[in-house]
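Enquirer: Using the sequences plus the hints, can you model the full thing?
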Amino acid sequence: MNPVKMLDAEAYIDAVAPLAGFTPQPAMREGIAANLRRIVDFAAVFIEDPAVQKTEPLFAPFQGPADEG
Amino acid sequence: MTSDTASDRIEAALAAIDRAAAINAITTVLADRARQRAALLDRRFPQGEAAGPLHGMPFAAKNLFDVEGLVTRAGSASTAHNPPATRDAFAVAALERAGGILVALTNMDELAYGFSGENAHDGHTRNPRDPARWAGGSSSGSAALVAAGVVSVALGSDTNGSIRVPAALCGTFSLKPTFGRLSRRGAFPFAATLDHVGVLAADVHVLAATYDALQGHDPDDPFQASRPVEAVSPHLDAGLAGLRIGVLGDYFAAPLSEGAGRAMSEAAGILSAIRGPRLTRAAQGRAAAFVTTACESGSLHLQALHERPETFGPLVRERLMAGALVPSSLYIGAQKLRRLLSGELADLFRTYDALIAPATPCESPLLGADTIEVEGQSMPARSAIGMFTQALTLTGVPIGVAPNPGCGTSLPVGVQIICPPWREDIVLRVLAVLAREGFTAGLVP
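These protein sequences, in sequence, are chains A and B.
Residue 0 in numbering that gives the first Met the number 0 sits at position 1 of the first sequence, and the numbers go up by one each step.
Residue 207 in numbering that gives the first Met the number 0 sits at position 208 of the second sequence, and the numbers go up by one each step.
Simulated from the structure, these hints should not be mistaken for laboratory data.
Being a predicted model, the structure only gives us computed values, none of them experimental.
A few of these clues could be false.
What the hints assert, rightly or not - The following label-pair restraints were derived from C-beta to C-beta distances:
| id | chain 1 | residue 1 | chain 2 | residue 2 | range |
| --- | --- | --- | --- | --- | --- |
| 1 | A | A10 | B | P221 | 30 to 40 Å |
| 2 | A | R36 | B | S377 | 13 to 23 Å |
| 3 | A | E29 | B | T370 | 16 to 26 Å |
What the hints assert, rightly or not - To spell it out: a stretch of chain A is covered by chain B in this simulated footprint if at least three of its residues, at any positions, have a beta carbon under 8 Å from a beta carbon of chain B; those stretches are:
| id | region |
| --- | --- |
| 4 | 6-17 |
| 5 | 25-31 |
| 6 | 35-42 |
| 7 | 50-60 |
Every residue, glycine too, gets a C-beta built ideally from N, C-alpha and C.
Expert: Written out as structure tokens, the structure is:
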């Protein structure tokens, strides 16, 4: 399932932030949710691209033969 | 080389620092250290010999570089609990081995997370061309000091454009070398797979000499590539012979202010650049760099976000917290996109030796601006100003910026010179041609 489509930012923060080791103060929650939505919006630009889905990840520049100078 | 002693040059720099206080480019003046270093050089080289190519040259460094005995702030109060650095960053030490003298640490966006030069702890860096406007960031103070003529060279770091954006908005030359070329040891991290150490300078020859001095193997930096020292200074006057240069279109063609558009046309004319090359995944590249940065920086600061969230500026804190919560599938997807983008760019470099693109869509926004209007498009200022630099950053290729007066107002713009991996020599050759042909006229202090 595409996480971009399933993300409810507020519910996600409530569920995951404690697992990540912090509990946001109420005043921070709106700002975190807005930023999380923004990240997800940016991810939507590439995450469903079929070419992206079938490609192996490259975790830093110049790790593959095609990238060598 | 001037006949001034190193001590003379340091006193002149310290006086210039005082005069430039209004632009708020500096967080720490290292007067005692600089004077001691200058006196040492003057004692060791009394007859005008040089300790190295940067002999007696004052330089500044973004305040994320370690300086022995000081806590490395990285523009944040969240770092205040850290112990003082036990030795200088590799880059600082390398420039001092070449004869340079560190005189100041410079203001920056908190933890390098921003393009504006605004800082909740240290105040905003002001653009020396117009103090009502951004210096650009995150290497804001380094760019502003060079543009103000206080120092001729400064160290910065570039993750998504943090050298290139302020270089363009303040009007300085810059170089972000190939990822892994220079040691990052002692440079406070931001996003591990995107961070680069680099240089901003008022002059191409100083830029080249400084970059050459920064090269060299550092066994303490696991990210540094195994490359020989490849000096660029000897090739500066090689001109454009044999170089095929292209103008990146599509994503990089709009939106552009009149000044940014003029700069691109002028650069293309001087370089006889060919219009046509396209990087079709540029918008995806920007998006994937955004996601990668959020995840890597959020993860880096997770413990501090848990233990002392109040020590972060509110905007940065909430960005970092959001990044720390991103599903891993999005991060992995961004790294898949990295491979596709890098492959597409590598294909272009089979035809072109260099590509040019605008550094920013427009001139510096006013401090406090939330949006910019360019060609009828209203865009969020703090992210859109980096849309052309961030789109390339995942690839790690070397990129220089040549400043240009744009519309001839006091507000400069910049053009990116983008080259294949490890070909900083071509970047510098192209910058030198642009400087010689008057592209940067009126901007160099």
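Enquirer: For each hint, tell me whether it holds in the structure or not.
Expert: Status of each hint after checking the structure:
no.	hint	in the structure
1	A:A10 <-> B:P221: 30 to 40 Å	holds, 39 Å
2	A:R36 <-> B:S377: 13 to 23 Å	holds, 19 Å
3	A:E29 <-> B:T370: 16 to 26 Å	holds, 20 Å
4	6-17	holds (count 5)
5	25-31	holds (count 3)
6	35-42	holds (count 6)
7	50-60	holds (count 10)
Violation of the numbered hints given earlier is absent; every hint is satisfied by the structure.
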